[in-house]
Structures are given as structure tokens and as C-alpha cells.
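Participant: Listed below are the residues making up each chain.
There are 4 protein chains.
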Amino acid sequence: MDRPSFESDYTKGTHPLILEALQKANLVHSAGYGLDEFSEAAREKIRIACDAPDADVFFLAGGTQSNAVMIDALLKSWQGVVAASSGHINTHEAGAVEFCGHKVLTLPEHFGKIYADELETFIRDFFADENFEHMVMPGAVYISQPTEYGTLYSLDELTAISEVCREAGIPLYMDGARLAYALACPANDVTLPDIAALCDAFYIGGTKCGALFGEAVVIPQHGLVPHLLTQVKQHGALLAKGFIAGIQFDTLFTDDLYLKLGQTAMNAADRIRAALIRKGYELAFGSPTNQIFVVLEKAQADRLSEKAALGFWENLDDGRVIMRIATSWATTDEEVEYLISIL
Amino acid sequence: MDRPSFESDYTKGTHPLILEALQKANLVHSAGYGLDEFSEAAREKIRIACDAPDADVFFLAGGTQSNAVMIDALLKSWQGVVAASSGHINTHEAGAVEFCGHKVLTLPEHFGKIYADELETFIRDFFADENFEHMVMPGAVYISQPTEYGTLYSLDELTAISEVCREAGIPLYMDGARLAYALACPANDVTLPDIAALCDAFYIGGTKCGALFGEAVVIPQHGLVPHLLTQVKQHGALLAKGFIAGIQFDTLFTDDLYLKLGQTAMNAADRIRAALIRKGYELAFGSPTNQIFVVLEKAQADRLSEKAALGFWENLDDGRVIMRIATSWATTDEEVEYLISIL
Amino acid sequence: MDRPSFESDYTKGTHPLILEALQKANLVHSAGYGLDEFSEAAREKIRIACDAPDADVFFLAGGTQSNAVMIDALLKSWQGVVAASSGHINTHEAGAVEFCGHKVLTLPEHFGKIYADELETFIRDFFADENFEHMVMPGAVYISQPTEYGTLYSLDELTAISEVCREAGIPLYMDGARLAYALACPANDVTLPDIAALCDAFYIGGTKCGALFGEAVVIPQHGLVPHLLTQVKQHGALLAKGFIAGIQFDTLFTDDLYLKLGQTAMNAADRIRAALIRKGYELAFGSPTNQIFVVLEKAQADRLSEKAALGFWENLDDGRVIMRIATSWATTDEEVEYLISIL
Amino acid sequence: MDRPSFESDYTKGTHPLILEALQKANLVHSAGYGLDEFSEAAREKIRIACDAPDADVFFLAGGTQSNAVMIDALLKSWQGVVAASSGHINTHEAGAVEFCGHKVLTLPEHFGKIYADELETFIRDFFADENFEHMVMPGAVYISQPTEYGTLYSLDELTAISEVCREAGIPLYMDGARLAYALACPANDVTLPDIAALCDAFYIGGTKCGALFGEAVVIPQHGLVPHLLTQVKQHGALLAKGFIAGIQFDTLFTDDLYLKLGQTAMNAADRIRAALIRKGYELAFGSPTNQIFVVLEKAQADRLSEKAALGFWENLDDGRVIMRIATSWATTDEEVEYLISIL
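Chains as they are written, first to last, in our numbering: chain H, 2 to 344; chain C, 2 to 344; chain A, 2 to 344; chain V, 2 to 344.
Keep in mind that a hint or two might mislead.
Because identical chains share one entry, a pair is satisfied inside a single copy or across any pair of copies.
[Claimed, not checked] Restricting the straight-line Cα-Cα distance to at most 30 Å, the calculated cross-link-like pairs of lysine-lysine (DSS-like) are:
1. 308 / 25
2. 25 / 261
3. 77 / 299
4. 261 / 46
5. 77 / 280
6. 261 / 280
Think of the hints as simulated: they come from the structure by calculation, not from any bench.
Make the full structure from the sequences, and use the hints.
Facilitator: Written as C-alpha cells, this is what we have:
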């Protein structure tokens, strides 16, 4: 087998059903800017999947864009967003949030997660500080599911964070770049309706979950963000051919395709994880989703990388490295078996 | 025939050859962020088509985004961009340039165009003003080809503007959202190599010219804009699956597809234009490209609109309206004949 | 007499009573950030002068700063501010409004003023445009009293503009950089209580009206702008020693000093204006306040400028020039007589 | 004695010599925007004091403003500024740096200081990261002298940081809000010429060091920041009556007043510090400048605060509190003796 890639979950095109839908709709005239019938159908299916009948749903092109647009839309001009220090917006988005004028206020990360009690203490102490008006006020909270480390918030954890936010009157935003892999994970107990009930805004990731591109931003409470189309356009993020995204999400939310895509990745990840453990590899930490972080000797990493593309994650002080193995909606049984065979 | 649409050039999906290419490449592993082989092939073909062997080429998702990212990248933080008062960035981009902190400095528009002599006078007077340091300095010039009114800069006009810019040390940027229709227009004498020689940055539009989405930003002088990838990401504009855009532009620049697409639209537009003139319709102004602006009695407009979707442009003071008829890469002979038959 | 200066109204220090007050308070301990007793006393006197008992009053260091902070505070992130094309924010503030991410939407200027009916039409047409969500929405209206041309809004004109704004739900903001000269002008019929009743925010200029520096921002409706201290600090505009501004405004609003300062300037201006007319000079337009715009032959301008410093305003096409003569709170009788003597 | 204040160093007006100079210059005509003779004289004296004959010197109104303007001016649009996590820009400036679009990249603080080796490692690791183009690049380094904790960089430490910056091609910026107190501190070995030689920009604080308001930004290498006047104006920070700041700095840099002011504060602080130690008080950490941080029982703090105003700094976990005692240019012997008497 040609050197397969486990580097990331966005190295292949799109699920065949999406290509088919694009083909079928290709020469139909559609309205621009997401006002078309495909987008409307997709929105309605997402509302049903989220049990959020009044939700505003908007399709954007990518994850950093969705984060920047929505965080900017949720914050007042003088506020900042709270995130784990490891949060994608704090580390790997080139300062897109700051570009919009907002500070990222960091909390300690626990394998990518923030803790409700630490969030509560942070907010309470902040507003108890007599100088707080000279500081950047927390105006939204950012989390991701799964996190940067592939870990998951449990329903209890998410509920606790949501309660802290609502008590403080601060909206909770969830980055769902890889949400399909969270939803399909056996260890997960947080459903789309849970997310819609507990978060004030979130996005359902398409780019890393089987679409050519695209993320579906969901705002469960209709009208919470005024003039979102204008704000999206101001950010340069409005898709003229919004129907291209609409067709994709319409397909992803037909016959549970989004969940099935996630299951494909999870089955592959679980088989690989089991094989690694069986063969005595050390996992860096317990990430239950489609990303596996394995500790390797440098020579071992080099040898494996010759045969299969892995993602580099981190150098350890003892000379070893952490490599990331990511499965996806497009990972095949052959690829999994091959990878296991070379471990 | 079902009511065909001439409302705009972005109402249908993509050229069948692009769908075919996406299908073919669908399950190939590609590197992210535009570092893949399809993007590299597309870049090389664009360099050849532009006769700009050192050009930096970058694929973005849309036009407003390309304008905002590139204008922000070309300007110093305290500078503004000069544009016709009718320029898209000044009117219909929701303030995306101002969102980046920059003022749009307007010149009079002449059917969408600026004049080199007026630009020269503006720049000379600006820096002759003893208070110019209290004002927003012109730091880039924005034009579009074709313009908002479907008109074209001639090679002489573009050369004159370019000379003014270079004399003043101010980069010239061209918005080519509909560039295919300019290039294929019989009245046009400005080639891609001309544009690359005369402009400091421009984009070759895909979204309105046969792609699912995407624009190819071209910077003829390699390195003129430092760290463009980072700046693109900071704007939330970096495509994780850049190869999806790469595949499309690779296809558009194979076997002159981009020009051929333009010709399809131009043939359709020229036939419609001829029919309109033959039947005594009044054209609002002489736009030679794929957009036709026709002056209609209100009743006439309503009657036609029942049978074919036209674009509303403007109410005239005398009660008549200007309607826009836009053809595209996807306009069929049947649609043209039908439209002519109902005129 | 040494060549006196009529170049502008900010060439001398401060009114002697202000220096005296600073001297007297110099070694008193005061709280920082405007929380001191002098500032509170000044605020209370301003509330009384404006007949606005609930007004929020904030002291800032300069005019461009006040405009930028307040316009940014009044606008939503996606909105722009409407102003006359000649408005200071549109021409001579180096893009400070755009730096905050907002577009300046221009209306025609009529000797520096906007007309209520043109504003009404602009707003109505804007929201009637089916594409308005792709455009920058008007979110505040900027005027100045007196205007850039030294002209005044009458009470009728201001009332009409205010009514248009309130009908549209758009706040009205007045730049009062030279407000003392408006209030003291015989032709003026707009009082501070009128302004407080008709505008949603405005500033009472100190820098050009007898203070060392400083402007008093007034927001008649308490709480209209939330967390203004934080927004001011975010703009780098919070004065640590706010009491220095407080002492000055406390003095300016004791025993009507602010009005008296204006009268000094107005008496001087009226005498000069009368002399100019008597001697047959041509005034460029009828500005009734402390700025006089006189049309001169170039040689005449040079000859006068040798003896007294005048402000250059504009070159006319016929070779003549418009020069500005500005009086101020510090203009002396001797200076006026000398200037008249050399006319 | 009336309850004296040791809460901060900006609670009194200005040094009598400055008031005298303002008085003397009060009715002289001066050019606007810092183009006057007082400002030029002040600039020249500062150049001499810094042994930086080509330096650009600019007067701004406050510290947060100076930091925001200069950091924005030094950074490229996609870069961030490195600072100690305790740095004023990171904690108490309401996100003024982020408002300009830039991220603050934090390093660990050691009693307010960053360490050269940690800075070096941060920069090296940053650019060694294969993903660095997706992250916010360090584009300037911020330090303050004295720091937030009243501590000082030694000449060796400052030299080491400067070398790391120059090796990396990253400008070094120093916040000198309380620089007079550093320069006058017996423990200090860093002179103004050292700072000018080792930093690329810094400001000499006036607001907290005896001026009514104002900071002198110094850029040793002429022209390093282009069009600074325009950038200052764009930030709303240009003083129309720049001469008011110029007069103050002209006075501060005549006959070493700036140093003498510092010595007054240092003498007072050293006497208080000695008394505290003598009387067995616990100092929170060894700050040698005009700020003293003393650990008190809550009841003790309350008792002292009744008699003299102290600054609250921090609650400790054991129930005790840290209070700040700040002396200033205006602290009198009587105040010092009184404070010592009540300890």
C-alpha cells in the first residue's frame, strides 16, 4: 500500500454523497448569499437535529473564520473572550480574534478543557476587583468539543460551564470543528440538542468532517445576534454562492450522514488505539475521539513515518516525541489494517 | 421553458470539468493550506498565463475577502485606498475595508472607472496640502475590470493609471471578480500579462466565472507582501482544504477553460444586446461585457420578469427602471433564444 | 506691535482664572481617573448649564479623541456614522473613525452643514434598498456647532435633524470643539439645554475655548453608553490625573466663564468683520462665529501676512486665496485694532 | 496632620516650576501640534540627556496611549508584542493593544521582569515551530522600568534583553511611566543614555513624575517610525496645543529637574522603607523604587488606613493583605514623618 496519511482529517475531498448532490444541483439556478432552497432545507434539518426550532443557522467557509465572526458578534467592543490557554483561538489562529479588537483571556487548560469552578472563580474575582473597569471584561466563553487534545466535555461538565455562564450573563460559544467525531464517540454523552440547550452559539464543523469546506453556525435563540449577514460580510466571510455550502449541509444532515461519517472515523480510531495499547505503545493522554497521541522514540517515529504519514505534535524533554494519528470520515479499513500491521 | 434566470452570474454551480476534476481527486491525500500539488500546478499555470514567472499566487474563498485581505496587506496602517465612488469596496462590501482600519478615499466615477488624470491630480494635491499629515494618505489604488457597470479599462487607460501609481510609489490593485468576461470581451485589449505588468496585485475571479467558489490572488513581484499566509489566516480567510480551490483553478487554467467560459457568456450577451438594440430597447450605457443594463417602463419590466428573472438595478426619476441582464459561463443557447423571443 | 496671530484659536495657553485654579489646587491630593471632587463639581455645573440633571459627563484630552471614542461607543460594530463631506471626522482626523472599524457615510455639505431633508432621504433610501444588508448601515449622525466653516445650525435646523434621527432610532452626536464661540454668537439661537435636549451625545470644547486642553463629553441620558470609562481607557484616552481637566471645566463653568470667553472672541470677530466689510473686502461666505474667511489677492494676502499671522484656507481658481482670520478667548483689543489698522 | 495620601504618585498637580513656566508662556502665541519652540527646546534637551542626538521625540498625553500608539507603530499588522504576564499592557490597559489588532504574547514574570534567556528561548522555539505562520509572530518586546512591582532591570539584564532583541531583529520598547523614580534610585545602574542605546523606543513618563500630564516618547534612531504624527492623530492622540506638553518637558529637562523630582520621591521611600524594616514589618518583595509593598494583618491595614491613605494591592490566602505605599515628587518631609510616626 502506498504510504497512507493519518496526518489530519482534512486531507481528502468530500463524502461521495456530497459530490453527488453537487452534481445533481449543479445547473439549477439558486439565489445568492444563502437565501436558496438548499440552504433553507439544510437549516431546517439542522434545527431538527438540534431540537432548536427557532435557531438561526448560517454557513461559513472555515473554522477560524467562524470563530472570529461569532466571537466578534457576541462580544461588546470592550470585552474579551475567555478560553483555555490551549484553545485554538489563543494559539493557532494567527490572532484573528485580536484582529477584531478583542483580547483572549486565558484559563488553565486540563487536557484542553476548562473547568467550571475555575471559570466561576475567574469571573467572580474579576468583577470583585476594584480596578476591573481598567481591565478587559469577560464577554463570552470559548470551548471546543472535542478539544485541541481530542478530549471531550461530559454532559455534566458542559452543564456546569453553561450554568456559570448563564449566572454571569456571559454567552457560551462552542467550536465544533470536529463535532462529528465527538458525537460519534462511544465515550460521549453530549448530544446536539444538549449543545443547543447549553450553548448560546456553536458551529457544526464541515471542513474536517466530510465537506469540501464549510461550517454551520447555529444560534439557538433566534435574533440573539442582530444583522449577522452584515457582520459576516464585513468580515469578508459571506459566500456569494452560499448554496454550495447549503447543498453540503443538506446532505450531511440527511439520513444521519453526519453521524455516520463520524462513526467511520471513530471505528478506525478505536481499532488503532486498541492495537497501540495491545502492542505496548504509550499514549500521551486519554483522548477518546479521532485523534490519538502516541509517545514514540525518535527512531521509532522516523521508521513509522516512512511507511505512513503521521502528524508531528511535540518534542518531549526526554528526547521522545508525541505523534498524532488522526482518522477521518475517509479512513478506509485497508488504511487501518496497514497502519496496525506496521506498528 | 421554465423561467430562466439572468439575475446574476453566480446562480449555478460549477463548470462540469471542475466537478469532474474534484471527483477524480476526491480521495487523494493532499496537504493542507494550499501546500498541495493541485494548488502548485494551478499557481504555475496562472504564472504562465500571466507571463509572471515569479508571481505569488494565493487562493481565497470570495471577492470581498480578497479585496479586504489584499488592500489591508498593501496599505500601511495609517493609509487609505483610493477607489471610484462606485467601487464595490466603497458601496457593497459592508465596510470590510474600514473593518481593517482603513478609509476608502473616493474619486469621481465615470461609468465605474476612474481617470488617470484625476488620480494624478488627487495625489499631487493631497501631498501638496500643508495639512496632509492630518489626513488619510493614499496608500493603494483600487480598480475593477470589468467595473461595477460592466465597463472596461482600455490598455491605454490602465497603462496611464499604472504610470501615475508607479510615479507616486503607490501600488495598484485590480478586482477581477468577473475577469473572465473582460478577457473574453471583443472590445477588450487588456490581457492577463498586461494586468500582471501594470498592477501590483489583482485577483482572477472564480466564484462568478465558473468555479464553485474561489479567487486567485496574484502578486506579480514575489515577496511584495510578506507573510501573506499569516495575514490571510489572521483575516479568517485561510482555507484548510486549499486544494479544493487549487483543483478548481488548475482546471480553469488548463486548455484555456477560463477564457472559453468567458466566451460562452460573451456570445450570449452579445446576442442579447444585439436583439435589444434591434428591437429598439434603450441601453442605459455602453457596457460591453456580460452585464447589460436596459431601461424599461415599469410595466414592461414586470411583464418580462414574469417570464425570466432579471436583476433590478435602479429606479429612474421618470418612473422607468434600469434592469440588469447578466449572462454567465452557464448561460445556454436555449436561455438566450427564449429571452430574445420574449423581448 | 509684534506680528499678532489670527491663525487659530489654540495658539495661547489658558485663561488666567484656570491657571489660578490649577495653582490653588496644585498640592491637594485628588483621586485619579476623574473620580475626584473637582471633576464631580465640574460635572454638576455642566449638568445644570445643560439642564440635564442625569447627564453622564466625561473629560477627554482632545477633539479627535472625543469624536473617535464617542462615535465608536455609539455605533454597533457593523455601522457607520453619517457626516457632511466637509466634516472634520471625514477630512482632518487621519482616519481615526476608520481606525475604530467604522465607515464615514457622507452627505453633501452646505457651508459645512447637513440638511435634515437630505438626511431623511438618505436614511429612507438606504433602508429601502433591497441590498442594504450588504452595505454600511447608518448608526449615528455627526454634526458640529459651529461647523468647519464657522457656520451655525439654527434651532429649527437642529430640531429638524434631531427629529429625523429620533424617528430613525439613530443617535445624534455634536462636535463642539468651538462651542463657546457658537453660544456667544449674536446670530445663535441654540442654547446648551437645546443641545442636551436634541442630541444624544456632544462635547463642550475646552482646547480651543480657553483651557490648556480638554473636552467635556456630555451624554444627557444617563447610562446610554455602558462602561464608558473602560471604552475610554481602551482607546488610550483615560486621563490618570483626570482632576487636571476637572479643575479646568469647574472653572469654565463657574460664573459663566465659558460664555464670557466666547464673547471676547465674538466681539473681536465682529469688529474685524465690520471693518473688512467697511473697507470693501470680500468675505468668502457668511460665517457669523469666530472664524472669518476673506478672499484676497495673493499679493494682498502676502502683504497682510507680513504684519499679522493669518491662516491659509484655500487657493481659488482665479488666483486669489481664501485666508482665515480666527479670534479667540485670548484676542486682545490691541490685536484687533492693530489688525484693523493694517487692512 | 490631615490624613496624607500614599495611594499613588499621581494624586497631586505639578511641580511649581512647571506651573511657573506655564504662567510665563501663557499668552505667547505658539504653533500647534508640537511644532512650537517650547517643544523643540524640550526635544533638544531630551536628546542631550539621552545622548541620542538624532532621536525623534514626541509628546503624548498618557501612558496607556503612549504604549498603544508606539506598540502599534512598531508592529506589522500581523505581529504581536511580547510582555511579562504582569505587564501593564497585559493587565490594566483595558485591551488597548488588542484594540489596535495586536495580541500580547506573555512570558513568565519574575517580580515584574522578563528574563533574557526565557525571551531568547521563546523566540527561538517560536520560529522553530513548523506551524509558526499560523500563529502570532513576536514583533516587539515590551518592558517597563521600573516594573509594575517597582523592581528594576539592571544594566546587565537590560543589555542581555536588548541583545536578544537585536539578534532576532525585534524592536525593544520600554514603558517609563515612573522612569524618574528608577533613574533616581540608588540601586539603579541604568542611565537614560543606556536606555537610548539599548531600546528602540521608550517613553519618559511625566504624568506620574511631576507633570500635569504628558509622556515623552523617544525613538533614538531618527525615522524608525514613519509618519508618526499621522499615526498619533489616527489614534486620537495628537495634542492640538502640543506646546503645553512641550513647556512641561522643557522644564523637567532644565537643570536636571526630572532627576531631582525622582530623588525627592526616593528619599521619602527609602526613609519609609527603613522605618518599616526597623519596626519589623514584612515587605512583600524587594522593590527599591518609590513603591513599597508591605504585608499587613487586615486590622493593621484598616488602622493605618484611617490615618493615611494607602493603596490596596492584593489579598493573601492567609487573610493578610499587601498594601502599596507610593511616594512621589510631591511627598513632603512632614508626610513622611507622620507616616513613620503612625507605623
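Participant: Tell me, please, which holds for residue 77 and residue 280 at an alpha-carbon limit of 30 Å: within, between, both or neither?
Facilitator: Cα proximity of residue 77 and residue 280: none, with 52 Å in one copy and 50 Å across.
Participant: Are the CA atoms of residue 25 and residue 261 at most 30 Å apart within a copy, between copies, both, or neither?
Facilitator: The answer is both: 22 Å in one copy and 23 Å across copies each meet 30 Å.
Participant: State whether the alpha carbon distance between residue 308 and residue 25 is at most 30 Å within one copy, between copies, both, or neither.
Facilitator: The answer is between: 24 Å across copies meets 30 Å, while 38 Å in one copy does not.
Participant: Quick one: residue 261 to residue 46, C-alpha cut-off 30 Å, is that within a copy, between copies, both, or neither?
Facilitator: Close inside one copy (16 Å), not across copies (39 Å); limit 30 Å.
Participant: Treating 30 Å as the Cα threshold, decide for residue 261 and residue 280: within, between, both or neither.
Facilitator: within (29 Å within a copy, 57 Å between copies)
Participant: Under a CA distance limit of 30 Å, which applies to residue 77 and residue 299: within one copy, between copies, both, or neither?
Facilitator: neither (47 Å within a copy, 37 Å between copies)
When held up to the earlier numbered hints, the structure conflicts with 3 and 5 and fits the remainder.
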